[in-house]
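Q: Here is what each chain is made of, one letter per residue.
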Amino acid sequence: RASIQEDGLLTLPRAVNVDLQTDATLQVDISDALSERDKVKFTVHTKSTLPNFKQNEFSVVRQHEEFIWLHDSFVENEEYAGYIIPPAPPRPDFDASREKLQKLGEGEGSMTKEEFTKMKQELEAEYLAIFKKTVAMHEVFLCRVAAHPVLRKDLNFHVFLEYNQDLSVRGKNKKEKLEDFFKNVVKSADGVLVAGVKDVDDFFEHEKTFLLEYHNRVKDASAKSDRMIRSHKNAADDINRIASSLYTLGTQDSTDLCKLVKVSVAALQKIESRVAADEDLKLADLLKYYLRESQAAKDLLYRRSRALVDYENANKALDKARAKNRDVLQAETSQQLCCHKFEKISESAKQELIDFKTRRVAAFRKNLVELAELELKHAKVTMTSSVYPSLCL
Amino acid sequence: MDTTLPPASQPSDVLMEPPSDLMNDPLIEPFSSLTENKPTSKIVSEPSDDFVDLTNNLADSPEDAAESVLADVAIDTTEIPLDEPSDDFVDIFGGETEAPREEVVIANVTVKAAAAADKSEVTSDVTDPPGDLKTGSDFEQEANETATDSIIDLSDDLLSSNAQKPPLASDQFVDPLVDFLSDAPPAADAKIPSRATVDLFEDEGNDLFTEPRQTKSAKQQQKSLFGEADEDLFGEPLGATTKKPVIKEPKGKPVPTKAARDVSNMGGPLQDGYTAEPADIFSEEAVTTVPSIKKTSAVNSKTNGVHSEEDTDIFAEATVELSLDSPQEERKKGVPAVPSASAPSVSAATSLAKPQSASLEELDDDEEEEEEEEEEQEDKFDISISVKDPEKIGDGMNAYMAYKVTTQTPLPMFRNKTFTVRRRFSDFLGLYEKLSEKHGPNGFIVPPPPEKSILGMTKVKVGKEDSSSADFVERRRAALERYLQRIVHHPSLLQDPDVREFLEREELPRAVGTQALSGAGFLKMINKATDAVSKMTIKMNESDVWFEEKLQEVESADQQFRKLHVLVESLVVHRKELSLNTASFAKSTAMLGSAEDNTALSRALSQLAEVEDKMEQLHQDQATNDTFNFAELIADYIRLLGSVRGSFDHRMKAWQRWQDAQAALQKKRETEAKLLWANKPDKLQLVKEEIAEWEVKVTQYERDFDRVTATVRKEVVRFDKEKARNFKREIINYLECLLQSQQQLIKYWEAFLPEAKAIA
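As they're listed, the protein sequences go chains A and B. Position 333 of the first sequence, counting from 1, maps to 333 under full-length UniProt numbering, and the rest follow consecutively. Position 368 of the second sequence, counting from 1, maps to 368 under full-length UniProt numbering, and the rest follow consecutively.
With the rest of the complex left out, here is chain B (with noise of 0.2 Å):
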């Protein structure tokens, strides 16, 4: 399937080669990071077994290799580095666990989670085919260009079991390593991978899927042995990401350096199997590349290394090896030796004092940490918004609300590191109209901002300084800053101008336009969204079942959150009616204490009515809570999952329109036939080349629907993880907040008992 494959897709070779090239990447690196894992998995006792069986297939046939099943995919020397994680995979599992099977499972069902984690390698990764096509093609341009929508790509392959695409890139991938690494017989190496892992899971058209969760189950276990130490050096490569595509170009020679990289990478775990010795990392990338790479691509490498720590914008990649080479490496240290040691080290030794069966709890705890440190990578995009300060500015119907916009980075694509603005809520519409307009067709979750509410701020305009305009405010701004958080924490969203420019620039230009877009406005556009999907929806015999799925998940998502939504806010107003009927209850019982003769019990009385005073402001607080706690993100989530029904819109357009195309091509095709037979040479010409134009249109319409299908579907995971953590977030809060009025609940009643106690 590998070799035939290539050249059927010849046409698109343009526009495949940089997806390919940057598919490859993340292709090799799971093994990477699987091979690191090994000596955890295997502590001392093993690896010298295995390790010998792949200096074997280093240097005698395949057929050695080993006993495995996933070892015999071994089938020339260059596969070596590929194989050996394979084989460290039925380490981990096969040797850790007596379970394989259902922890491959658990595994599978984690790759979700790990999809934020996953991109951010693949996005560090993006970086190398600009220099490869430069140095080996003409197509610099274009991977320039299409860099981030690759990085979508990727991702999204990585998550998908899209049969096709990965042997096309693996092998489309060889082609700039036969130019540079005429050395290896690369082209089987870089298909090995894919072949690999289909065998080892027996599955062929799973591939790409499984690959990732091969790495999935490999950076479980480095995260749950390094939690702290792994997640920093996660970071940074996210860090160098957003630089990347600015600085990277002019820097030279990124193919040695990644030749390098991925022998180092593979050889690395090689050599430590040779060696327990605890290497330096750079030593090791130095000692590995010998065997296939020319000294100066190790020395490269090794500068790399070095450099990346300093800044990362140079080699990004490089920054990404040392990330899972060091963790590596401190195993290596903390493993054999484990007095020498810090956090990891410890938690290294605990893991490995747990029987080496994972069970299954202690998978799910890492998948925990998995979305911790998730949660912190998306810290680490390291950019803080917060709006403050309404204002009102101006006088009666004219009058508007502005807000003062922080942003607090450290990314060098600001120019300061603190700076402030203001901004009024149009501008906030203005800036969700640009973006939807243009990342919407992509595919894109835009997110959106609160309604224009025209009662409410009617309400503001007339200057009633009561507490339900004060609320309304509140509540607004409080909507405009997640907005805005939700849009600087999308990564290809805080990379647009128009972001900047709104987070940065002085003075914007007035919105326009964004007075039509009132609350029932909105409203009406979300519901003619819909209304255009379920209408599409019966056209498309849907081909995905996963979008097919999904959609019906997110309709009904939608359904829950309004109902949801109804109830919290009915429990709010059901909490103040409590909170007031309280508070006059407390006066009554209050009255009825001073109407009591009996001095004990109007004593006990009046202390129930002050207790119950209390538990006024405690109902009050809790009806607070529940509003900026819960109604407010579920109001966030039905205006979001508009904007997911739009993203599967614009899908579905997407592919109405290579439909048509299709249609039109057929068309044409019958024109021809019918000119042929007519035999009139003069239009045939003419349509020949209308059909080649068509033709053209088609790939080109497919290769669109493809790049917004897997827009799409990575997008909607990220929602649902971003959802998830968000309603955790809240839940956690909602929880402590109950903790804190029960205790002061108890509390109170407690200082009541002895009262009520003393009544006689």
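Isolated chain A, as found in the complex (with noise of 0.2 Å):
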């Protein structure tokens, strides 16, 4: 059970990886968050001069699947076709470092009393970080929709704001959860189908071939990202573990020579588990985030596209129909409803591609000058501790 706080320590990455317009007829965020052995409850506080809720200010509890709920309820409504669903939060996993927590506890006894706190200490630290990650994902998933000018008018977000009993969601079971797949293959062959399609719209075509290289691309850098860091994060640890291990070597000896070993273990040891974090969190952060939100903008893409197809569909068939001079009435409403529908998502589409690709940009830039920052002040605080001990040897 651990209660999250601002500590400073970890700064929380607060609607980082989106730049949201804020507005203050509506302001949602994760005020507090609880680990409870498998789930984490997290305590969603709103801020609303909107009519439609009772009251001003409210707080209400909820759990990851409350999050999946809401974002499948977007997804699977006909009326949002044409908006880009702020991608869900990925699963809190806590698996990872409740392992690495478990083996500690067996190699108690192998261990020296100092070397076993330390260790839990460097758990705890990363437990903590994982799971403020996770409140942040979580956080930002509303921040969007709460941002979005259509979606926060949505009743189901709503009720996840304001109702404040269990919402009674329950996992997918097994049925559900291959239905999905199937639904998922289905749609993935569907896409390849449709991305066969030519588009009459340059600008949707040019947007198509973008995003499904985008997409690969940030994937590809994503994955990469993540190796990079976890090896960074072992080097670090390897370095932490060094200097645990010479400063027990220089408790041992008596020489001038391990005050000095002390001076710069003492100041060297936590930086490269800071620059490695720091990435994490401004590199690897970003880069899953814009995997997630490409692929929504993807599934917005495909939406269109099958739209489209449909409508082109439609129009056989009405010529068809006309041709055979049969249901024409009804071939024509259903071509009247594919035009209208393919219409209206296009309408919508565009704009959304063009706010996806500023707010990129500007998470791009915010994250990676950050980054930049980051890596020369940790540079220099390295430098500056490294220069100290030097000197006085």
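Don't read these hints as lab results, they were simulated from the structure. Mixed in with the good hints, there may be bad ones.
As the list claims (entries may be wrong) - Here are the simulated DMTMM-like cross-link-like pairs (lysine to aspartate or glutamate), alpha carbons at most 25 Å apart as the crow flies:
1) A:K120 - B:E569
2) A:K41 - A:E126
3) B:K587 - A:D226
4) A:K380 - B:D613
5) A:K233 - B:E610
6) B:K728 - A:D237
7) A:K153 - A:D299
8) B:K388 - B:E730
9) A:K350 - A:D190
10) B:K576 - A:D278
11) A:K377 - B:D613
12) A:K366 - A:D278
13) A:K380 - B:D621
Stated by the list, open to error - Covered stretches of chain B (in silico footprint by chain A; criterion: 3 or more residues with CB under 8 Å from a CB of chain A, positions within the stretch not fixed):
14) 556-566
15) 584-593
Where a beta carbon is used, it is the ideal one built from N, C-alpha and C, also for glycine.
Build the complex: two chains, separate frames, hints provided.
A: Printed below as a string of structure tokens:
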């Protein structure tokens, strides 16, 4: 059970990955979160002047599954076919660090007390970091929805924010999961099929090729950055362990050297892990978010292409019907419907894609600048803290 | 305690003599260095007082001597020179600072650090005994033989608080002196130093220990004041040391020389007290020798001093003296007349400017300087060895690596100043075999070579030109270089004919039997030794706390190092991984950049890719640095700790032998008693002879054990210091590398930052 507090150790990437216009009429944030065995309880805090809420300010407790439910309700709503649905937050994953904690418990006998405490502290810090990241991801999702001109008015969303009881959504059962899986297979097969259709609109044609490539690239980069950061963290862990090992070695000896070793060790120990953590926060998380976001944008394009194909098919059907002079009216209606749907999607999708690009550029700018600044900061700290001991020596 | 002991130890007289003689010098030396110190610590104001006291001592009865407890020690006229230092000691700590005790403690801590420095003095002193003995007694031969051994004994004794030997030593030293300096009442003379110090610290057993302490503090002062000048001077005797054993003996009358020197050392400062004029060393000596010694000897010493500058080998002691005296002289010049000066006087001035209370920090500084100086001393061995150009000779499985071993040295023990030989790996192992066989049982820590690596070598043999085999060859080359450097920087091992042969001789007989010394075999050997040690520890009830603690220290250090090695190796692996992953991330970023349709963002991403590319190189470099700086050093120390344990083991063996002999003796005595009782005179005679034989053996073994103990002690102290120095160097190195890489990093990211900001 860990409660999250802003302690400045790890800055919470609050809405860092998306550029959101702040709007006083509806503000949502996660004010608190509790980690209980295998679930995390988020306290969603809302401030709003909108008339459909009973109060101006209120909080509810929500779990990850409820976020997913909200997301799915957006996806399934035909009305929102023309929008980029904000990507759902990833499942909280504490398995890795829990496993480590367990291993630590098992290995308790084989290490010294200091080592154990140290390792435990490290793990706890790691756990806290994951926890905060999870919270941040969930918050970003809500903020995105709240900032969206259409989605913010969604009834489900309002219920999600206001209803102070359990929404009693349950996780999907096996059958549903299987269905989802087939749906996805069909969708991706269909996506390939649909992707082959030449778009009438140059803008969309261009966006489609761009997003296809972009998504793949960002996926690759995200995976690579993950690997890079993982090995960076490993190296940092090694450095920490070497440092503490040197430290114990130093306490055994009594030479002045050891004092200096301690100075340098103490100074340098944490820096490398901070570098890794910041790279994780600024780079890997950004890429991960845009991996999901570009997927959402791709989904939008798929829906539009699907609508286009439907529209073309309806046109063909209408032509056929007219030629045969049978069911013309019915064909006409369906053609009208498809046409309308397609136009509606196209209309909103264009704006959505332009927004997506603006958001993306802004987010990358922000994160890359911060990344560079943090790298510089750490490098400078490292330098000063390594200059001091070398002067002493 | 001083008068009763010598007769008791009469049987061991023969063997005890050389060390005791040697003993005496260090005893006096510290004092002389102390006395030199006086001008500094006191500046101009106080000395007169003190010296007046001392002169009183000279003239009158000792009771006058001084208010200070330390000065009370003065008992008769001859003591004065010796007493004075102790007095001075008070001055240093008393006059200079108001917290003398504290400083003593600090000085005490630094004694260990001073060991090498002490040793250098001691080694130069070693040259005395042959001469002394030659004229004074018949043991010259033995003295020469034991010369090297005694070096160890001495410096070790200096460090240890061996209560028994010092008085003994000084007593015996008296004998030659009596013979040659009949005009001085020397018996007291020699004894006083120890007694003085005993009183000084009111700690009976510690006399020898306290002495180095004093030396140390004195030296520290000297150093802080005359850092550079001093170092040079100190270096000289060292150089001389190596030559001495060869050339020393034929040279004439060391005794008068020595006497002169002792007196001049003692008297010199006295002289200072009287006249603050910046006297020349030699004239000073001449003057000071007058009171107690014949003019001739004074002249003699004078010429010694002169000679020593050109050929140090003749009278090495004189060099030592010079080295101790001349700073003093400089100081004299520097202190009263500050402007006259170069570096030394400047530093003198600064240290004077500092309030006399040498604070804790200052002492720390001194300590560091001390260490630095030591380092320089170490370098003053003036032998540098490089192992270069690994070359594969032959083909297939018979192939082997040969290395060029280049030695550069001005030491006269070598025929040339620079010479190069080719040695194959097994030659290095062979050298170790020989050295450890010869010196191991005496308690020396022989630096071990890198293990044979069948895997690594097979790769090389097969001729794969990949990076791992190049890495292997380079690692091994560096390890061999460090191995040889450790050997030649060991003062005793450098003297070994096998070492010289290894370095000099064109063709070396093929080392045999090293094949068995493969990596696994080597480890097994070490393990066996460890087991033996642990087995024997159970049997041996360790009377020496120092050894008990050291052994534990070594064991835990070994564990720590092993752990550290694993960690460093894993760090290297992770860094390499990081480097690879960074490279692939850089590529991905470049691709992402090319896919991005916002121009500025695309540009920034490709810039980021470039930064990451460079980071890859940095990580790579760091991995290499870690390997060569830390991993290798730690691996060296794991091996070295094996050798340290080996030396402990040898000490145990010596102990065991002694105990066995004692047991045997006991048995014989019992037999004797039985025979007496049974009244069998014929057999009794036989047994009596046996008993005598065993008695000799027991003494012999006990002495062996003491010798090994002393050696091990000294070696371990040396090892610890070396270790600290090595690690210090590597840490500095590491920090420097880190600094450089961080500088690069800053450069890269600073170039990137505007690009990121330009995204719009």
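Q: All hints are to be evaluated individually against the structure, with a verdict given for each.
A: A quick look at each hint next to the structure:
1. At most 25 Å may separate the alpha-carbon atoms for a hinted pair to count; K120 (chain A) and E569 (chain B) meet this at roughly 23 Å.
2. Distance hint between K41 (chain A) and E126 (chain A) is fulfilled; the C-alpha atoms sit about 19 Å from each other, no more than 25 Å.
3. Between K587 (chain B) and D226 (chain A) the alpha-carbon distance is near 14 Å, which keeps this suggested pair within the 25 Å criterion.
4. Between the alpha carbons of K380 (chain A) and D613 (chain B) the distance comes to roughly 20 Å, so the proposed pair stays at or under 25 Å and holds.
5. Between K233 (chain A) and E610 (chain B), the direct Cα distance comes to roughly 22 Å. Compliance with the 25 Å bound is thereby established for this hinted pair.
6. For the hint linking K728 (chain B) to D237 (chain A), the alpha-carbon distance of about 23 Å falls within 25 Å, and the restraint holds.
7. For the hint pairing K153 (chain A) with D299 (chain A), the CA-to-CA distance comes to about 22 Å; that is within 25 Å, so the pair holds.
8. Restraint check for K388 (chain B) and E730 (chain B): satisfied, since their Cα atoms lie roughly 21 Å apart, inside the 25 Å limit.
9. Among the hinted pairs, K350 (chain A) with D190 (chain A) is consistent with the structure: their alpha-carbon atoms are about 22 Å apart, no more than 25 Å.
10. A distance of roughly 21 Å separates the Cα atoms of K576 (chain B) and D278 (chain A); the hinted pair therefore holds under the 25 Å criterion.
11. For the given pair, K377 (chain A) sits about 20 Å from D613 (chain B) by alpha-carbon distance, which is consistent with the 25 Å threshold.
12. Our distance criterion of 25 Å between C-alpha atoms is met by K366 (chain A) and D278 (chain A), whose separation comes to about 14 Å.
13. A hinted pair counts as satisfied when its Cα atoms are at most 25 Å apart, and K380 (chain A) with D621 (chain B) qualifies at roughly 19 Å.
14. A stretch counts as covered by a chain when three or more of its residues have a beta carbon under 8 Å from one of that chain; for the stretch 556-566 of chain B and chain A the count is 6, and the coverage holds.
15. Note: the stretch 584-593 of chain B has 7 residues with beta-carbon separation from chain A under 8 Å; the three-residue rule is met and the coverage holds.
In summary, the structure agrees with every hint in the numbered list given earlier.
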